[in-house]
Every structure is written in structure tokens, then in C-alpha cells.
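Please model the entire structure based on the sequences and the hints provided.
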Amino acid sequence: MHYSTILALAGAASLANASPLENRAVAKFPAGTVWDIVLNSENTDLATLKKAPGTVIDIDLLDLTEAGDTTTIKELAKTKQVICYFSAGSRENWRKDAKDFGSSDFGKPLGKEWPGENWVNVKSETARVIMKKRIEAAAKAGCSAIDPDNVDGFDGNQDGYGYPRSAYADYVKYMADVARNNNLAIGLKNSLDMILDVLSDIQFAVNEECHEQEECDRYAPVTKAGLAVFNIEYKEKNCSAVPGVTLSSVFKPMDLNAIGGQC
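If you count by mature numbering (1 follows the signal peptide of the UniProt record, and there is no 0), then the sequence shown holds residues -18 to -1, 1 to 245, one letter each, in order.
Derived from the structure by calculation, the hints contain no laboratory data.
On a predicted model such as this, the values are computed, not experimentally measured, just so you know.
Take these hints with a grain of salt, some might be off.
[Stated by the list, open to error] When the alpha-carbon atoms are kept at most 25 Å apart in a straight line, the in silico PhoX-like pairs for lysine-lysine are as follows:
| # | residue 1 | residue 2 |
| --- | --- | --- |
| 1 | Lys56 | Lys81 |
| 2 | Lys115 | Lys155 |
| 3 | Lys56 | Lys78 |
| 4 | Lys94 | Lys78 |
| 5 | Lys33 | Lys219 |
| 6 | Lys122 | Lys33 |
| 7 | Lys81 | Lys115 |
| 8 | Lys94 | Lys56 |
| 9 | Lys115 | Lys78 |
| 10 | Lys81 | Lys33 |
| 11 | Lys155 | Lys122 |
| 12 | Lys32 | Lys234 |
| 13 | Lys10 | Lys32 |
| 14 | Lys78 | Lys122 |
| 15 | Lys32 | Lys60 |
| 16 | Lys94 | Lys217 |
| 17 | Lys60 | Lys10 |
| 18 | Lys90 | Lys114 |
| 19 | Lys94 | Lys114 |
| 20 | Lys122 | Lys81 |
| 21 | Lys155 | Lys10 |
| 22 | Lys10 | Lys56 |
| 23 | Lys219 | Lys234 |
| 24 | Lys33 | Lys78 |
| 25 | Lys234 | Lys33 |
| 26 | Lys115 | Lys56 |
[As the list claims (entries may be wrong)] Label-pair distances were calculated between CB atoms; the ranges are:
| # | residue 1 | residue 2 | range |
| --- | --- | --- | --- |
| 27 | Gly84 | Ala223 | 46 to 52 Å |
| 28 | Asp152 | Asp199 | 25 to 31 Å |
| 29 | Asn163 | Glu48 | 21 to 27 Å |
| 30 | Met236 | Asn165 | 29 to 35 Å |
| 31 | Gly84 | Thr30 | 35 to 41 Å |
Ideal placement from N, C-alpha and C gives every residue a C-beta, glycine not left out.
Shown next, in the form of C-alpha cells:
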């Protein structure tokens, strides 16, 4: 476990004395910070979420705000740094803002595993306006940070646009600027080839299955920068150390519907 009692006490004290979000500096997520992630919280009540281990929790922004939930994030923020997840690289056809995307703003489906989702055109100004509104909503909801997913359409040309990696880095940098203007931190989700492109713009990284894919060592620059690497493993609980990398690892079911599982 990459954690210290001193860090935990310091983090709790700073949260307890924190001023309203709009008056706070952008949150910091030091390497080794213990976290939890529950994106499917339909069957997880607020009392359970409050018991999640660590000082950081990652939850789904739109699932809560689109349901009219104005209290969960604010309540969690009393004792934790709340990272708010949303998909920045895909159009989800069930979201309230799905109608705001024009036909040229999204393309290929993500795949059979993700019905109703299509890759977003990261050069689309419309897509950027939509993400700006989401980031502003995250700030209003009381989040400390954002976790924008699916920004790796360049990896194997998944989205079919054929844009260079620099276009996706520019998209992340755009969201980082909006986040900073709203006093929010931002993480890089997966997208390992982009780490060095955006390292100066992010405050943490979120990874899925770097142990399974044998690529955790690639997060060395993030650890060297003193930033947390929040790692999720699905198939097996692997808590092995990686030279030069400090991981904050959790073992979870694929639907991310329960607290716990920390190394």
C-alpha cells in the first residue's frame, strides 16, 4: 500500500478547513494517495460511498447530475476529494446533451461492448463547447477534479478519423485549461502514449489494467512528477511493486459498482 498516516491526516485536515470550491486552489493528488472508484452507484447509497477507503473518490458526474442529484457530490466533498468522471471522447446517446452533437461531431461506434457510444471528433468545436459545459457543471456540483475518459481514439486509429496524437493532446489541453479556469484538477485516463505530451497539464493519471497489459512502468514520468497514478485492475488483484512507479491500485468488478478492493 503506497500510503502514509501522515498524508491521510494532512489530507483530512485540509478538507475539513477548506473554503468553498470557487475560492480554493486546484486540488493536488500526490503520488501514493489512496483512492476508490464507484461509477455505477445505482445500488450504492451515500452512506456507503462515505465509507470508501482513502481521501479520494471517483464517481460518475452525469449519472448524478442528470438524475437531479445535487447532494451526493457536495456531501462526499466534506471529507474527500471528489473526482468526477465523464466520457469526453464519446457521444453517449442516452445523455441529455446527446442532441447537441451534430452528425459531423461523432463517428465510429466504440464497439459491441459499449452500445450507444460513438467516438467524438476531437477537432469539433461543438464537442469542445459540450465538454466545457460539463466541466463547468462539475465545478458547480462541488467536484475537486475531472476524469475525462476515452481520449485515446488515436491508439490504433480506433475512432477512424486518422488524426495525429497531437490532436488528442490538444483536446486534453483544452479541457485542462477549462478545468483550471474553474479551479478543478484534471487527470489523464489511459492514453499512455500521450503522457509526456500533457504531463505539465494534469494533476494525476487514471489507468485501467496496466498490470494486466504489462505497461505500468510507463507511468514513471507521472510518479517522477510527484503525481498520483490511480490504477484499476479487473481480472486479478495484482499489488506487485513496479520500479520507479508509485501506484494507487484497486481491484474491481468490471461494472465498478462497489467500494473497496485496495491493495
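The hints, checked one at a time:
no.: 1; hint: Lys56 x Lys81; result: 28 Å, violated
no.: 2; hint: Lys115 x Lys155; result: 16 Å, holds
no.: 3; hint: Lys56 x Lys78; result: 22 Å, holds
no.: 4; hint: Lys94 x Lys78; result: 22 Å, holds
no.: 5; hint: Lys33 x Lys219; result: 21 Å, holds
no.: 6; hint: Lys122 x Lys33; result: 24 Å, holds
no.: 7; hint: Lys81 x Lys115; result: 14 Å, holds
no.: 8; hint: Lys94 x Lys56; result: 35 Å, violated
no.: 9; hint: Lys115 x Lys78; result: 12 Å, holds
no.: 10; hint: Lys81 x Lys33; result: 37 Å, violated
no.: 11; hint: Lys155 x Lys122; result: 21 Å, holds
no.: 12; hint: Lys32 x Lys234; result: 18 Å, holds
no.: 13; hint: Lys10 x Lys32; result: 20 Å, holds
no.: 14; hint: Lys78 x Lys122; result: 17 Å, holds
no.: 15; hint: Lys32 x Lys60; result: 10 Å, holds
no.: 16; hint: Lys94 x Lys217; result: 20 Å, holds
no.: 17; hint: Lys60 x Lys10; result: 16 Å, holds
no.: 18; hint: Lys90 x Lys114; result: 23 Å, holds
no.: 19; hint: Lys94 x Lys114; result: 28 Å, violated
no.: 20; hint: Lys122 x Lys81; result: 22 Å, holds
no.: 21; hint: Lys155 x Lys10; result: 18 Å, holds
no.: 22; hint: Lys10 x Lys56; result: 18 Å, holds
no.: 23; hint: Lys219 x Lys234; result: 8 Å, holds
no.: 24; hint: Lys33 x Lys78; result: 30 Å, violated
no.: 25; hint: Lys234 x Lys33; result: 16 Å, holds
no.: 26; hint: Lys115 x Lys56; result: 19 Å, holds
no.: 27; hint: Gly84 x Ala223: 46 to 52 Å; result: 48 Å, holds
no.: 28; hint: Asp152 x Asp199: 25 to 31 Å; result: 27 Å, holds
no.: 29; hint: Asn163 x Glu48: 21 to 27 Å; result: 23 Å, holds
no.: 30; hint: Met236 x Asn165: 29 to 35 Å; result: 33 Å, holds
no.: 31; hint: Gly84 x Thr30: 35 to 41 Å; result: 40 Å, holds
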